[in-house]
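Chemist: Here is what each chain is made of, one letter per residue.
There are 2 protein chains.
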Amino acid sequence: MDNLDLIKALSRASASKIVLLVIDGLGGIPNPDTAKTELETARTPNLDALVARGICGLSDPIGPGITPGSAPGHLALFGYDPLTFQIGRGALEALGIDFDLEPGDIAARGNFCTIDKDGLVTDRRAGRIPTEESNRLCQLLDGIEIDGVRIIIRPVKEHRLVAIFRGDGLSADISDSDPQQTGVTARDIAALNQQASRMADITNRFVARAKEILVGRQPANMILLRGFSKKPRFPSMTDIYKLKAAAIATYPMYRGLAKTVGMDILKTGQTMEDELLTLKQNFKQYDFFFIHIKETDAAGEDGDFNRKVASLEHIDRLLPELTRLEPDVIVVTGDHSTPAILKGHSWHPVPVLLYSSYCRPDGVGRFSEKACITGGSGKIPAADIMPLAMANALKLDKFGA
Amino acid sequence: MDNLDLIKALSRASASKIVLLVIDGLGGIPNPDTAKTELETARTPNLDALVARGICGLSDPIGPGITPGSAPGHLALFGYDPLTFQIGRGALEALGIDFDLEPGDIAARGNFCTIDKDGLVTDRRAGRIPTEESNRLCQLLDGIEIDGVRIIIRPVKEHRLVAIFRGDGLSADISDSDPQQTGVTARDIAALNQQASRMADITNRFVARAKEILVGRQPANMILLRGFSKKPRFPSMTDIYKLKAAAIATYPMYRGLAKTVGMDILKTGQTMEDELLTLKQNFKQYDFFFIHIKETDAAGEDGDFNRKVASLEHIDRLLPELTRLEPDVIVVTGDHSTPAILKGHSWHPVPVLLYSSYCRPDGVGRFSEKACITGGSGKIPAADIMPLAMANALKLDKFGA
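Here the protein sequences line up with chains A and B, keeping their order. Counting with this note's numbering, you get residues 654 to 1054 for the letters of the first sequence. Counting with this note's numbering, you get residues 654 to 1054 for the letters of the second sequence.
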């Protein structure tokens, strides 16, 4: 019996409400100048007050030392073992642009690239062409039909695109055309089993057509495809937790991840204020809310320590908008750390704060990495957070008699 | 996907360097007279200074309550699940005397023993005969050939020996002759499956020959064999971690364990000073070093609390020789605890200190069991230490996108 089976067997619907506030890239490491992390630097009186009434800890999204991508980081927070529930690269890219994959669709992540006269790849990203240029090129490639299969091409950002193959009897069991290096030709796409040979043929013919269409253009005169995959089919949070769950996120990727586990996606604006307003307006209709805050991660990725601190303080100022709704359980955490010093996701454990009337406060009075070390939850896998939230919402029955 | 597969998929070669300093038997328990452990008693200013810049915790080599032998203790530190990667007793004994087992060889651990006129074992260790005596007896038994199989006999220490069976088509699937008790005869060796029947026959004939040769000698007039096993075939650290790894150890057993996971073995002397000189001389050639310090464990095994304290202080004085090489990651830990009070290995968790520029210091300022309880790494399985070291050396890619 795996953990989801156990929780599914024990969970029951009730009127209590859970809010999961995900501060993307929450954790940090100390700024060498001050020896303080972003959280330790930020003034967060509202979070600290909630900490004093809650229970804290640190979470490993995947495992010690493993740096999570956004998808596994979030799946873990939703209670899904991220090593079991994996999403293919193409499907993830489609999620990231709010493209609804249909059940038989095969999606691939694509790059516009540059090849020389001998067909050797000289730049896998075609000089990171502007998004507007990519939009135009995608229109040239969109809608081609090969052997009854329609190929839908959507731009992502700069050189990135998604290719969706729509038709009957398609397979994702084919290799990449992207060689992942320069100085070589794009690879022929190969079937990984007999059933996939038609798919390999169609994708190779599509790539050849794309090359013909793009010939002579500079710098984007070719495409590379990788990560052919289907829409993931995961059990829904309604099934597992008996929750009526809603997601509030300003970025499509996180809405897509939430949709993958069966959440309703609430229309919201582009700011944290918009997101909290959306929460307030929909508070009665759902018993679980996932709210995603992107700003912290973006600042961390940019290596902007002070902007990350400011984002944390911004969230803190808005926190009363959330607490005054009086959800039964509030979880504040991140999907991974994004230390500004590292300018990217990292393996460092992520602070977790859980508040409910029934938690066992631990004496921690500050929401920081260092303070959370001594928290009552200890260091836990991120996939354990949802069972703890469910328990604190009194939504889990006893195991055994 | 198990943990080694995951790490193998994410690891990449880079110029950064990791040093794993293993202080054998590091952990202790308090001396009843002072209520302080060996580490708490020792003056260790250099370790304490490194702790202040690093992150600490405690590790369970195998699991809570389980006392590790040296082999599983080290395999865990190298990142190999010690319950999955096991080494047979005979093969381990061969490792312990620097004997290079060939792929088809079968090794057994042997004891010289004493039997009475009825063939009943009266002393399983032949009064722990001196090593010199054992050396002479081993020469009498060495080199016998039976049915095309050559039997190589090597002395270990006192009554201990290794028997290596070398020839075609041998099997390790046979039972022990050692009855593990006195007052009974040595057991006939039995084949555990049909393919092993020739091997059982050969080993029984060898034991009979040994008995003939030793007849009339006192007290060692017979041998007992156990733990027939092959050289272990484990994935190498080069494969898993993409590391160019080297081992520095004064005792053959630890060199053997390192060789088993594909490390190069560096020639060194008999002292800690020799080991650190070897590190310095080879520092440019490798990106991973395992340094093994034996003195602490030996003192613990002897029940000599003060000598263990002195060994810890000795290591501390030499630590600057290591830190001044400026490895990117330094891990200081042990393969298990060896409390002097217990005169042997124990189950107590082992202090772990990890330093890198990218670790998240935890406010711990002293390298001791008690201080490490509040460390930022928390309590972790020892097999998680390598992934953490790899992450801190920026040698692990992100999992998922």
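Heads up, some of the hints might be wrong.
Pairs count within a copy or across copies, as identical chains cannot be separated in the list.
Once the Cα atoms are required to be at most 30 Å apart in a straight line, the calculated DSS-like pairs of lysine-lysine come out as [claimed, not checked]:
1) Lys947 with Lys1051
2) Lys770 with Lys883
3) Lys770 with Lys912
4) Lys670 with Lys996
5) Lys689 with Lys1023
6) Lys689 with Lys937
7) Lys810 with Lys937
8) Lys810 with Lys670
9) Lys770 with Lys670
10) Lys1051 with Lys1023
11) Lys770 with Lys920
What the hints contain is simulated information worked out from the structure, not anything from laboratory work. In this text, all values refer to a predicted model and were calculated from it rather than measured experimentally.
Chemist: So which of the earlier hints does this model not fit?
Modeler: 2, 3, 6, 7, 8, 9 and 11
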